[in-house]
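Given chain A, work out where chain P should sit, using these hints.
Going down the list, the protein sequences come from chains A and P. The first sequence begins at 5 in my numbering and counts up one residue at a time. The second sequence begins at -13 in my numbering and counts up one residue at a time.
Be a bit skeptical, because a hint or two may be false.
[Said to hold, decoys possible] With a straight-line Cα cutoff of 27 Å, these simulated DSSO-like cross-link-like pairs (lysine-lysine) come out:
| hint | chain 1 | residue 1 | chain 2 | residue 2 |
| --- | --- | --- | --- | --- |
| 1 | A | Lys305 | P | Lys123 |
| 2 | A | Lys246 | P | Lys(-11) |
| 3 | A | Lys305 | P | Lys245 |
| 4 | A | Lys140 | A | Lys34 |
| 5 | P | Lys181 | P | Lys105 |
| 6 | A | Lys212 | P | Lys181 |
| 7 | P | Lys221 | A | Lys450 |
| 8 | P | Lys108 | P | Lys63 |
| 9 | A | Lys212 | P | Lys(-11) |
| 10 | P | Lys249 | A | Lys305 |
| 11 | A | Lys387 | P | Lys63 |
| 12 | A | Lys180 | A | Lys387 |
| 13 | A | Lys256 | P | Lys245 |
| 14 | P | Lys221 | P | Lys181 |
| 15 | A | Lys233 | A | Lys305 |
[Unchecked claim] Some residues of chain A that are not near chain P, with every Cβ distance over 10 Å (derived):
| hint | residue |
| --- | --- |
| 16 | Ala14 |
| 17 | Thr29 |
| 18 | Gln57 |
| 19 | Gln106 |
| 20 | Ala141 |
| 21 | Glu262 |
| 22 | Gly290 |
| 23 | Arg311 |
| 24 | Pro315 |
| 25 | Arg352 |
| 26 | Arg422 |
| 27 | Lys461 |
Simulated from the structure, these hints should not be mistaken for lab results. Model, not experiment: these values are computed from the prediction. Backbone N, C-alpha and C fix where the C-beta goes; we use that ideal spot for every residue, glycine too.
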Amino acid sequence: MSHSSPETLALEARQELEGLLKRTTPLTPKERIAITAQEMPTQDPAVRRRNVQEVALGYTPEQARLESMRCLQCRNAPCVQGCPVRIDIPGFLKAAADGDFQGACSIIKKNSLLPAVCGRVCPQETQCQEHCTVGKALKSVDKAVSIGRVERFVADLERESGSAVAPTIKPATGKKVAVIGTGPASITVAADVRREGHQVVMFEAFHKPGGVLVYGIPEFRLPKAIVQKEIDALTGMGVELKTNFVIGRTRKLKALIEEDGFDAVFIGTGAGLPKFMNIEGENLVGVFSANEYLTRANLMKAYDFERADTPISRPGRVAVLGGGNVAMDAARTAVRLGAEEVHIIYRRTEVEMPARIEELAHAKEEGVIFHLLENAKRLIGDKDGCVTALECLRYELGEPDASGRRRPVEVKGSEFIREIDAVIVAIGNDSNPLIPRTTDGLQTTKWGNIIVDETGKTSIDRVYAGGDIVLGAATVILAMGEGRRAAASINERLK
Amino acid sequence: MNKILARTQLSDDVYMMRLDAPYIARERLPGQFVILQLDNEFGERIPLTIADADPVEGSITIIFQAVGKTTHILADKQVGDSVQSVLGPLGQPTHIEKFGTVVCVGGGIGVAPLHPIVKGMKAAGNRIIVIVGARTKGLVILEEQMRALADEFIICTDDGSLGRKALVTEPLKEVCGRIPKPDMVVAIGPPIMMKFCAEATRPFGVHTMVSLNTIMIDGTGMCGGCRVTVGGQTKFVCVDGPEFDGHQVDFDNMMQRLKAYRKHEDHAHKQCHLNAEIRSKESITP
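The shape of chain A in the complex, shown without the other chains (with noise of 0.2 Å):
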């Protein structure tokens, strides 16, 4: 793929709208489809692999407004029955086009508390844009109207136009909810409860707020001052932010209740406790689950070697295993951390490949090595125990199984030898345990996800649950869905 600079994006653009915009009739469906598809200024890709900075630098107003403009305003907007939280897409795309920017957003925040998070993270691909008809009509999901990027547009104008209006706030209630976790459920659910005129702790193990926004999605795919700001506007409507505060060992989540006086209790924990290939040779020195490389880049910034006290391992030859969008960013930031060469090892076909085709993309740009149809059979290491080579295997796609996805199957007396200087395993996350655990009666399914009712409810009275920790990894808006269904629930309960 070729890199197209924003500079000739913006010219192009700005030129084509002019054309545009001195019409008088309206435009026809057939005049909206050939209006060209605004491509994503980003930076240059020798560029990025240097810097942490974000790849992605989001649409000018002349962009935002072209790409709305190619909206062929469906009646029955295939778009929202793909998104999770049904938002307005027609409605906000209408007025983007319109140059209402403003208005755009206010569309878009009647259903989704984090556009300029969703507008980045979300898989659009395989929700609203896989509908979209502009996208059928030209055979290609990738020439779908590009929702997500306007979102990010109209969000990110006002955060930094300030001209976002802080929600009203109900008299208070003299009720109090505990919410346990800072990601994207929980950040829901503390703004939704709030807002009814309860008051709101939310509790956070880490000494910083944001959940898998902040330790796991890397600065360059979502900068953090993005997610502080919502982190702000939460403190701003006089909800308490109590880090370093583990609920389970630090408090009971019964004694919130019992003892401290809490009306109902939300969890949202997550799905952090990575899973392994549980394969010869896991624990070798060089080995790391995607959680910790991440924790220690995002997190802990050790890309700043300078500054940061958190170590992190800059080998020359990096493998990761994993198809997902974690995959995706422990590789891309190994390339951001110096390595030589990254590899992705992945055991099905792109087509398969979970991750964002933007991110995808942004990773074979960044000079990302992928070895398809090929999986990790164990992990050799030398006399000192560290890794130095994957035995491999080659893969070739069987039957459907059960995820509708073709199932790989080993090609036998395959192994070859693949040699490397660390692995960094991202096959996803299991939920975590340590609530379920700590808590008598929370109910839970076999893989530790806590089981919750309809409204959001679990097995304990007054306490919900939502996000990864009840539906196993997932994406930054389902997690916010769950959220938005269970603060519903609250404040239900709670009347």
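Chain P alone, transformed into the frame defined by chain A:
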């Protein structure tokens, strides 16, 4: 923010501090630890044992050796100063019950985490044999406190400057060879010491519990940096431990993993001394 309420130097490079931490003080049990961070922006997170706690005062006591950058800076802090972040209590508490005779072996700084366990074991009605070891006399900590709790007290140093000239494994083997043999051994100290204590007790078939101190970031099971191989299975020290059956722990793998960032740590440590030197020179020249 956690205020430092008291500070004592226990030996050449070992310090004891009492920190204001009311919630941790209330919940903490023997065997548990905290993760401490001095600077939330760029500081590292380090696990430290809780040596004692006072729920009434709302304080915990930590004992640490100034070995790296963070512990050096911490050691320089004074009463009234604060620590930015203290998280805990973490890990599974020690399983304390009446076993019968319990041998408690502490090496060097390992005596600090051992102390509350000895207290707990004693309170549960066990007969306590304490073996304390250190390289040399100046590195022995909590000698009096341990002696006061022990039904039998053995002290040894590598160089013979205090007590027996021996490694702790020597008296440990003797005690295990008695009839009846002890019911349980708790060994806490440097990894190499715990490894050899486990080897010493293995032939006698005495259950030997060790407490591991590995590299950690979050301390809540999220990063997996602390993982060790126990009985052929991967365990997380932060949530499954820190205590494990010493006969099952793969100490060699654990010691290799502890060295993963040694170069970086040594560099940071040296830099920290250089900076301290520069600072002290700057403070002399006006």
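Results for each hint:
1. Only pairs whose Cα atoms come within 27 Å are accepted, and Lys305 (chain A) paired with Lys123 (chain P) is rejected, the gap being roughly 41 Å.
2. Distance hint between Lys246 (chain A) and Lys(-11) (chain P) is fulfilled; the C-alpha atoms sit about 17 Å from each other, no more than 27 Å.
3. For a cut-off of 27 Å, the pair hint linking Lys305 (chain A) to Lys245 (chain P) stands: about 21 Å separates their Cα positions.
4. Only pairs whose Cα atoms come within 27 Å are accepted, and Lys140 (chain A) paired with Lys34 (chain A) is accepted, the gap being roughly 13 Å.
5. Straight-line distance between C-alpha atoms of Lys181 (chain P) and Lys105 (chain P) comes to about 24 Å, which keeps the hinted pair within the 27 Å bound.
6. Among the hinted pairs, Lys212 (chain A) with Lys181 (chain P) is inconsistent with the structure: their alpha-carbon atoms are about 37 Å apart, more than 27 Å.
7. Proposed proximity of Lys221 (chain P) and Lys450 (chain A) is supported: the alpha carbons are some 19 Å apart, at most 27 Å.
8. For the suggested pair Lys108 (chain P) and Lys63 (chain P), the alpha carbons sit about 34 Å apart, so the restraint of at most 27 Å is broken.
9. With a C-alpha separation of about 19 Å, the suggested pair Lys212 (chain A) and Lys(-11) (chain P) falls inside the 27 Å cut-off, and the hint holds.
10. The straight-line distance between the Cα atoms of Lys249 (chain P) and Lys305 (chain A) is roughly 19 Å, inside the 27 Å bound, and the hint therefore holds.
11. A distance of roughly 41 Å separates the Cα atoms of Lys387 (chain A) and Lys63 (chain P); the hinted pair therefore is violated under the 27 Å criterion.
12. Annotation: proposed proximity of Lys180 (chain A) to Lys387 (chain A) is violated, straight-line Cα distance about 57 Å (limit 27 Å).
13. Note on Lys256 (chain A) and Lys245 (chain P): the hinted pairing is violated, with a Cα-Cα distance of about 35 Å set against a maximum of 27 Å.
14. With a C-alpha separation of about 17 Å, the suggested pairing of Lys221 (chain P) with Lys181 (chain P) holds against the 27 Å cut-off.
15. For a cut-off of 27 Å, the pair hint linking Lys233 (chain A) to Lys305 (chain A) stands: about 19 Å separates their Cα positions.
16. No Cβ of chain P approaches the Cβ of Ala14 (chain A) within 10 Å, the least distance being about 35 Å, so the stated non-interface status holds.
17. Against the 10 Å criterion, Thr29 (chain A) stays outside the reach of chain P, whose nearest CB is about 57 Å from its own CB.
18. With a closest Cβ-Cβ approach of about 18 Å to chain P, Gln57 (chain A) is found to remain outside the 10 Å limit, as its non-interface label requires.
19. At roughly 34 Å, the least C-beta separation between Gln106 (chain A) and chain P is larger than 10 Å, which holds for a residue marked as non-interface.
20. Residue-level check passed: Ala141 (chain A) sits 45 Å from the nearest beta carbon of chain P, beyond 10 Å.
21. Taking the minimum C-beta to C-beta distance to chain P, about 14 Å, the non-interface status of Glu262 (chain A) holds against the 10 Å cut.
22. With a closest Cβ-Cβ approach of about 7 Å to chain P, Gly290 (chain A) is found to fall inside the 10 Å limit, against its non-interface label.
23. Listed as outside the interface, Arg311 (chain A) is inconsistent with that label: its C-beta sits roughly 5 Å from the nearest C-beta of chain P, within the 10 Å cut-off.
24. Not every CB of chain P lies more than 10 Å from the CB of Pro315 (chain A), the least distance being 4 Å, so the non-interface label is violated.
25. For Arg352 (chain A), the condition that its CB be more than 10 Å from all CB atoms of chain P holds, with the nearest at approximately 24 Å.
26. Residue placement check: Arg422 (chain A) keeps its beta carbon more than 10 Å from all beta carbons of chain P (closest about 21 Å).
27. For Lys461 (chain A), the condition that its CB be more than 10 Å from all CB atoms of chain P holds, with the nearest at approximately 25 Å.
Consistency note: the structure conflicts with the earlier hints numbered 1, 6, 8, 11, 12, 13, 22, 23 and 24.
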